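*Asks:* Each chain is listed here by its residues.
4 protein chains.
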Amino acid sequence: MIIVVSPEATPQDIDRIVARVHESGRQTHLSTGSERTIIGVIGPDIPELQDMFESVPHVESVHRVTKPYKLVSREFRPNDTVIDVGHGVSVGGNEIAVMAGPCSIEDEEHIIATAFAVKAADANILRGGAFKPRSSPYAFRGLGEEGLTYLATAGKLTGMPVITELMSVRHLDAVAEKADIIQIGARNMQNFILLDEVGKLRKPVMVKRAPSGQIEEWLLAAEYILAQGNPNVILCERGIRTFETAYRNTFDINAIPLAKSLSHLPVVADPSHGTGKWKLVAPIAAAAVAAGADGLMIEVHPNPDHALSDGAQSLTYASFEQMMRMVTGIAAAVERTLPGVGAPAAAR
Amino acid sequence: MIIVVSPEATPQDIDRIVARVHESGRQTHLSTGSERTIIGVIGPDIPELQDMFESVPHVESVHRVTKPYKLVSREFRPNDTVIDVGHGVSVGGNEIAVMAGPCSIEDEEHIIATAFAVKAADANILRGGAFKPRSSPYAFRGLGEEGLTYLATAGKLTGMPVITELMSVRHLDAVAEKADIIQIGARNMQNFILLDEVGKLRKPVMVKRAPSGQIEEWLLAAEYILAQGNPNVILCERGIRTFETAYRNTFDINAIPLAKSLSHLPVVADPSHGTGKWKLVAPIAAAAVAAGADGLMIEVHPNPDHALSDGAQSLTYASFEQMMRMVTGIAAAVERTLPGVGAPAAAR
Amino acid sequence: MIIVVSPEATPQDIDRIVARVHESGRQTHLSTGSERTIIGVIGPDIPELQDMFESVPHVESVHRVTKPYKLVSREFRPNDTVIDVGHGVSVGGNEIAVMAGPCSIEDEEHIIATAFAVKAADANILRGGAFKPRSSPYAFRGLGEEGLTYLATAGKLTGMPVITELMSVRHLDAVAEKADIIQIGARNMQNFILLDEVGKLRKPVMVKRAPSGQIEEWLLAAEYILAQGNPNVILCERGIRTFETAYRNTFDINAIPLAKSLSHLPVVADPSHGTGKWKLVAPIAAAAVAAGADGLMIEVHPNPDHALSDGAQSLTYASFEQMMRMVTGIAAAVERTLPGVGAPAAAR
Amino acid sequence: MIIVVSPEATPQDIDRIVARVHESGRQTHLSTGSERTIIGVIGPDIPELQDMFESVPHVESVHRVTKPYKLVSREFRPNDTVIDVGHGVSVGGNEIAVMAGPCSIEDEEHIIATAFAVKAADANILRGGAFKPRSSPYAFRGLGEEGLTYLATAGKLTGMPVITELMSVRHLDAVAEKADIIQIGARNMQNFILLDEVGKLRKPVMVKRAPSGQIEEWLLAAEYILAQGNPNVILCERGIRTFETAYRNTFDINAIPLAKSLSHLPVVADPSHGTGKWKLVAPIAAAAVAAGADGLMIEVHPNPDHALSDGAQSLTYASFEQMMRMVTGIAAAVERTLPGVGAPAAAR
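Residue numbers (this note's numbering), protein chains in the order written: chain U, 1 to 348; chain S, 1 to 348; chain F, 1 to 348; chain X, 1 to 348.
Next comes chain U alone, as it looks inside the complex:
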């Protein structure tokens, strides 16, 4: 951290600033230039220290120089993390993971049928929501634990690992038992108690970026989990909130290559939430893969106009298949593969 001293400060004022830094347990390095005195603060740049030093009299500004996260950073671990999510599927390697399925699990038959359909189109992870965060208390909020059971059944029948959202510490055991990957939803990116708890597990966790979450905050949310000992974290970009009203969210494509350069963790793209419009899902899925995404999360519904949630952004079976064909070519262009591709024709 660098503290810039106000030009009007006397030597005594500067001494007081330095003393304040020492009091916080840090060493200093003083540099007296012709225009400004600068105090280098030695040690990791914790945001709370920045805030503290900014309120010391005669401090003009405080600049953070090092990153506030450690375990998630590329510096800490230069190689890509590859996460085994079960059933022989990995996230973060050369093969792009494809998570597909309905927004909400609506009944047992529905999730099983969808699971077989997305698997036939080469998805390799099944998604489905049992606990649904909804802005209105009067909306359908998911089937809860019953839904988890249906999802697990569908996963078993198709041989796919399953991912589902954990909304509260209250459902921790139930979700951890049935899910292969635990999803922390965008609204819970900074539910720190929940992050602590999934950090105590060893099960893979996917952290969605909050609609107003800065990249740094997103990586710090992942850091919470790694700091508790769970290294199996996947990041997921799902669109941010901006002034543009033409789509539900603005998919932040810049976040894909930036997060991958700052962190060793795999980065998945969710173009369904990132656009809110099914017609935009395929081109944004293709864009995300071109930009380096390690996976896709896609909402698929047999009958989007009857979906209990997020119908407007769900693909039909046919449009999902079409998307997969488009993305396969893009993946090849960036020397990646999609599930099912490359395997001998006979095996399919």
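Read the hints as simulated data drawn from the structure, not as lab findings. Mixed in with the good hints, there may be bad ones.
For chains that are exact copies, the list does not tell them apart, and a pair is met inside one copy or across any two.
Below, computed lysine to any residue pairings styled on SDA-like, alpha-carbon distance capped at 25 Å [to be verified]: (1) 260 - 71; (2) 279 - 57; (3) 156 - 80; (4) 70 - 246; (5) 200 - 332; (6) 178 - 90; (7) 67 - 217; (8) 279 - 334; (9) 67 - 47; (10) 260 - 159; (11) 200 - 144.
What you are looking at is a predicted structure, and each value in this text was computed from that prediction instead of being measured.
Please build the complex by placing chains S, F and X on the supplied structure of chain U, with the hints as guidance.
*Replies:* Relative to chain U, chains S, F and X alone:
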């Protein structure tokens, strides 16, 4: 809700749309204009229905006409809600509530001293954080239950009701036991499980607006609590996240009169978080009262440059007193009073 | 400016960075700490230099320490600038300027009638648009030069200085001839050629903040004008664009006290555009004055539901009068006055 | 347009609303449902009419049903517009246009050398700024007309059409004479006088989206030009302003497929401004092509750390070549070609 049919739709297509609406349990009213056919959908405008109808073929657009919340709305309850928060203090009446105290409770002596100081300057509710949401896992996260005890002691000694944040259902009992008002922090505005739980209590709850929360979502968060049976909800505007980097948050002054026109619930302003800079706190507090706020929440610390959190936005005792003097005049201009003002001098 | 060198840089790399800075004509001050080497760059912090140095190999980050503007800053001129706008009216002094009138000048009678009405309610500057920026090419775009003539007539008849928008260098002479204050609209805040041109005049210029203009960019826009020799610049906050869709713009109340602390220029508030809803205009006008605004700009129309533009945010004569009464009390509370107030009744 | 009448309105109130609509020259279609009366307004949905009707008493809300633009819309012209920009180059066809060159033209030798370098890497349009919008009045603002001459020379020597920014009507003739494509910069997207003027030419015009420009406003800006008679308009997405500070702008990838579905005009992507960081340029260029962009605009500089502007986002010759190789594969995957690709080797 109004469904606008695409111009190319045939009468059969329109029939199918109408059938889809009926299937969802709603009645329709068909209006065939010279340019467009419009289908009125009768009944409350639930956002999920809008989403569902948007994915029906040949639907051009779906417009919500009525508000998605009910219990929190002015239509439902035309008169201002006044909430008794204990110790003879109300929020929502003619007197403007002043919640003041440190960001975090640092030790017993610290919170007691601050409590007496803010009371001397006419604050009437004591704030203090025991569980602190922090973007970094390495930052000070509050004293936890120990902090709650100190806060309760300080409240008792000064005769002030106390408000503190509840971060997780896990701490529900502990917080509900010690706090007079339970605060739902900005990051938890859409932690729906937590909203449900505080809805089952009868204790006053203050819901902070999320940094990217739209007014409608904020009111829906309050609706969650009222829908569970707890009518004692206070809204709190604390700044939103925008492109401007000159302050931590952008205090949304428009939200004060708008929320008060849409809802009967009291609206409190938090200029400390709404600016992140102590020099802006007094003018924004004055502005909020001028715009109709029913209360203020202010961070005060004996020694801001030693605060364990949020020092840069905390007032000293002296600057808090100065702010109170400034705000008193503003309150009078809008025919409101501040605590302590108007009482006979002898009583103070 | 401070350049932080990457930890992996060799002494030769550092020499190359220093050489690059010297090549740009600046001196350096080198500080070798235990963790990082820091290069202080002496002289004003021009953003383009920051950008240039950020692209030099082995530079980790570049931090600006001083402000990029000079003439508009409080450091340059500690006392408030008071601008004489003619007809005995000043902006920036103790009296709060009140600019009122229709969005667009619709015909001669309309602007004259409105001028007398707002003057009767104690406005002291007349506003009216002759050249109107409209997002659609098919909308009413103002009466042009004819409108300017009507506005000047209305100003003369009522004895009020007039303010109107200049949209293009093409209309410079016509507008400069008829207007007492030239308004640079929000969409033109970074029309640098236009800023240069009004900088060559000595006529007062009011610069509206762009909907996505940062405070620093707004002050730099004003700096363009002062740099050309025109010191008579007024700043105007009129709302920024955010994710909130409940109002046309989000009035940024923080900008008022911050701009006034960073700059000596007067700051005016436009709650009509800052909200887009007439019901919010009075409370936001009151808030702006409470926060320290030096003036108000208010849209008033005899018949808002017949206004050719911005009817939804225009006050009627009666609601404008009511707003003035409300604001008068607020002004008194912050030891300011409104026009007409304090003058002997006979003189009115 | 649909007007929703407030539930409390009497039949007389409704008559008055209808009369007001008729007065504006529009016909109505009345629909009396069981909950709300709805008034359909027949004719194009001009935003100013919406605003006007919103201010009529007893109007609850006004909904636009049709798009406010016409000439730029897919409905008006279902097939993609292909624009001949001279020297045998088209924008909007199967071949993806590649505009490359320095941010600013720095001297004659510099632009000529860069032109040959980008041509060697298969760019087919040369970019270079002669008039530069800069947020600070103290920054380098381009070589002006001298720069135009150098650019034209470089274009002739390499046989490439050239694109350069027009900042003001003042430079209209000079720019129109030398440029093959006139660029309207992001800050001028709503400089309506400038849009009118380039609309009177027949020269191709590229309209950059403003940092806070909604898709609808961007298309309306293009509509200004077409409405004056110039059909040769290219759209360019170059990043929007959001809360994220990790990059200069947030490239809005959603805008590419959405703009192409709403309009028949070609859409170009500018990942240099859309990220502000050279390391992100190649992945975002690839993403834009995957999402359907018709062209790329890339800043290339022989020596980015000596660039007079935008060095941090400029590619070197080598990194530009590398980017072109990456993008070539992506283009093939979406059945598009890049310039130079597919032509017989001898012809290159």
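*Asks:* Now tell me if each hint is right for this structure.
*Replies:* Cross-check of the supplied hints:
1. 260 - 71: For residue 260 and residue 71, only the intra-copy Cα distance (14 Å) is at most 25 Å; the inter-copy one is 42 Å.
2. 279 - 57: between (55 Å within a copy, 13 Å between copies)
3. 156 - 80: Intra 29 Å, inter 47 Å, cutoff 25 Å: neither.
4. 70 - 246: Classified as between; 17 Å across copies, 37 Å inside a copy.
5. 200 - 332: neither (37 Å within a copy, 46 Å between copies)
6. 178 - 90: within (18 Å within a copy, 47 Å between copies)
7. 67 - 217: Answer is within: at 11 Å inside a copy they meet the 25 Å cutoff, but 27 Å across does not.
8. 279 - 334: The answer is both: 24 Å in one copy and 16 Å across copies each meet 25 Å.
9. 67 - 47: Cα proximity of residue 67 and residue 47: in one copy and across copies (10 Å, 23 Å).
10. 260 - 159: Neither. Shortest intra-copy (29 Å) and inter-copy (39 Å) distances fail the 25 Å Cα cut-off.
11. 200 - 144: both (23 Å within a copy, 20 Å between copies)
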